[in-house]
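**Q** From first to last, the protein sequence lines stand for chains A and B.
Residue numbering for the first sequence follows the working numbering, beginning at 24 and increasing consecutively.
Residue numbering for the second sequence follows the working numbering, beginning at 12 and increasing consecutively.
Over 10 Å on every C-beta distance to chain B, these chain A residues come out as not near it, computed from the model:
#, residue
1, 107
2, 110
3, 113
In the DSS-like style, the derived pairs of lysine-lysine whose C-alpha atoms are separated by at most 30 Å in a straight line are:
#, chain 1, residue 1, chain 2, residue 2
4, A, 160, A, 123
5, A, 70, B, 124
6, A, 91, B, 284
Derived by calculation from the structure, the hints in this document are not laboratory data.
Predicted model only: the values in this text are computed from it and were never measured.
By construction, the Cβ of each residue, glycine as well, lies at the ideal position given by its N, Cα and C atoms.
Now for the letters of each chain:
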Amino acid sequence: MVMESVSEYVIVLLVEDHPGVTMKIAGMFARRGHNMKSFTGAQSEQKGLSKIVIKTEGTKEQVEQIQKQMNKLIEVVKVQVLQPDNSVIRELALIKLLIKDDLTHQKILSMIEIYHGKVLDANLKQVTLEIVGNSEKIDAFLDIMRNMNVLREVSRSGNVALLRGTESVFLH
Amino acid sequence: MPFYDEIYEDPDIRSILMRHEQAAGHAAEGFAVASGKLGVVMTTSGPGATNIITALANAFYDSTPLLAFSGQVPTKLIGNDAFQEADLIGSTMAITKHNYLAKNVNDVGRIFKEAIHIATTGRPGPVFIDLPKDVQLAECSLKSPIPSKINLVGYNPVSFSNAVKRQVKIALNIISEAQYPVIIAGGGVLLANAFQELKQFVDTLRIPVVYTLKGKGVLSDDHQNVLGLIGMHGRKRANFAVSEADVVIAIGCRFSDRITGDLQKFPGQQNSKIIHIDIDAAEIGKNVPVDLPIVSDAKLALEEFNRQIQKKIKETQEFPMNSWWYKFIKELKESSGIPNVTTSGKTGKILPEKIMYELNEILEPDDIVVSEVGQNQMYCGHYLNIRKPRTWITSGGLGTMGFGFPASIGAKVAKPESEVWLVAGDGSFQMNLAELATLKQHNIKINIIILNNQYLGMVRQWQELFNEKRYAGTCLQCKNGEYWPDFVKLATAYGFKGLRINKPSEVSMALKTCRSSKESFIVEMMIEPESNALPMLPPGGALNTFISRKREKKSIYDWYRRLPRSESEIADYKVEISKEDAFSVYFEKEVTT
Ligand SMILES: Cc1ncc(C[n+]2csc(CCOP(=O)(O)OP(=O)(O)O)c2C)c(N)n1
Ligand SMILES: [Mg+2]
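Working from the sequences, and respecting the hints, build out all of it.
**A** This is the structure:
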């Protein structure tokens, strides 16, 4: 048998705004042993409907199976699977860095600039910033900070995504 | 309580009080399967509701339309761990098709309407509704409490589409090129009520039919193309046909591990093709790779098949059946009937095969057979002649011991004119035996046949075959060899009669006594304790690897050898069937429903 290739997919769900919906979705992932790398949810552009974005990893067949299982949940109105080449996928990270000395401070600030970060709060002891981008970019920045031993805390939003172009995934 | 109070004197609602909520759930399932309608079960909050969890799960894995609702503590107390509060929404999430917590009385009408719609359409299943006490008591302020329309944006079950027409056309091409096509009929055929359509399809193409445990009865076991149960405890001839198939047409079945055996050796892997018709897209391609998926209601898909076949026959004046294969299968079926085993087992007790033989003698086509779980279930699934749809009821996906007895009660309520037989293991029967009181109270007649092997037999069988007879936790005897309960005395305790038999020669008489009894009747049949449900596939084995008795080994290899494989062998086997013959079957309108 050929080894099937595993890649990342982003599953976008339009769901009814009921209590317990996220539990049903998360429960389905857990029960069927699917991998959930990030999960976000908030109001959509349509009244009464929320949009949930889940990043997952698997083979094409596995992702198809997830899509079908999601479709079976009564409160899930629409399911779409996105891939990096047909969509924009972004994440936001809030990061708190500790300043130990002037040298690291300078380095931190220049890295923030390179990564197009934006400082939200700062004093002599710490810098709190945001970075927006794809997850790999955020990972890379965090790695550098970790290596510099200045990373205090991070809070990541998980992925949000839209199809490229004028096309929309959902109801009109 | 408020709900019960409301229906207390309602002439349209018949409520049957059971002794245990789990049993009430299974009874509602039995009712649903026997009648083809929705089963309904109601319980009190907390422990009453947690008691129906097993029934919900059972209905979920068998796709049985079931509406369950329970009381709940008043909305203000929810989340406070109030007396008899339990989180049923959380607990039932993974084992229901959908669930609701009704928080406002004005939503109740809508919720019930939606729940019934969801439970009975698409791939059916259980829906659970949590009804807090204050909501039950509140006055509805709407003019029309039940909305006229259902508005579920996220729920549009497909039953048919234009794509189906195209796929059916492709399927017919694939089938017309097949030499060894086989149909696997699953529970989906039953759920779709596609019996006539399946029969017409089979009678036209004369393709052999095997079925899953849930598909038993969708086409009569007497039908010449029906080879019987497949899978772990299937008929050898059925497993043989599937392992040799070059095209498998699976209708409403989900290729569970119990029917496929070793997936690597199951058709669909090498030179054979699988056409899979199912209403649930998520079942297609889940367990086996499928060459042609058809997402459709089984009835509508089969109608489309029949329509296209008919059209082709009209155009070409040719009959599209594969006559040599039909002849082969017919001979195979005729040569492999069920023998009447008159001998006793090694300790002198009755062999279960004898009971199956005699049951087949006494069963009328309208009789309903309900099994428990274990060897008793596999004997029934394997041997019994079921001739009409909805006359065979068993717990499939979940395999719930204790399902059978209450389910038989529900079946009898649905079909009071039919004799209902419960074939139970001594272990399973004890799981819900309190319902004997329900039989008495509501004057419900069930023919209860207990196959008493004094063991949790199916597990013991595995221990015998795979654990060197280490019968850990499966013997139901006391240390001194005594066995309790005395099922005949148990019958008397509940005001019925009962009979215990030990000899093969008594089986027929006992069944007749049971049938002719006016009230429920228990026959306790002492069967050979270490009898096994054979043949069986070893766990993980392929469909053509059987564990079987010595005397049964030969026959299937004969058929394996006889199966024509090369083109010339096939040509030699070919038979001429006159057009009249072929068409007479085709236009036969007799229906089994
Ligand atoms: C509720 C439940 N518990 C345990 C099992 C596991 N199990 C499957 S078959 C079986 C033995 C059944 O014994 P019995 O009812 O006497 O039937 P037999 O196999 O002896 O005919 C058991 C314990 C089950 N299927 N369901
Ligand atoms: Mg037993």
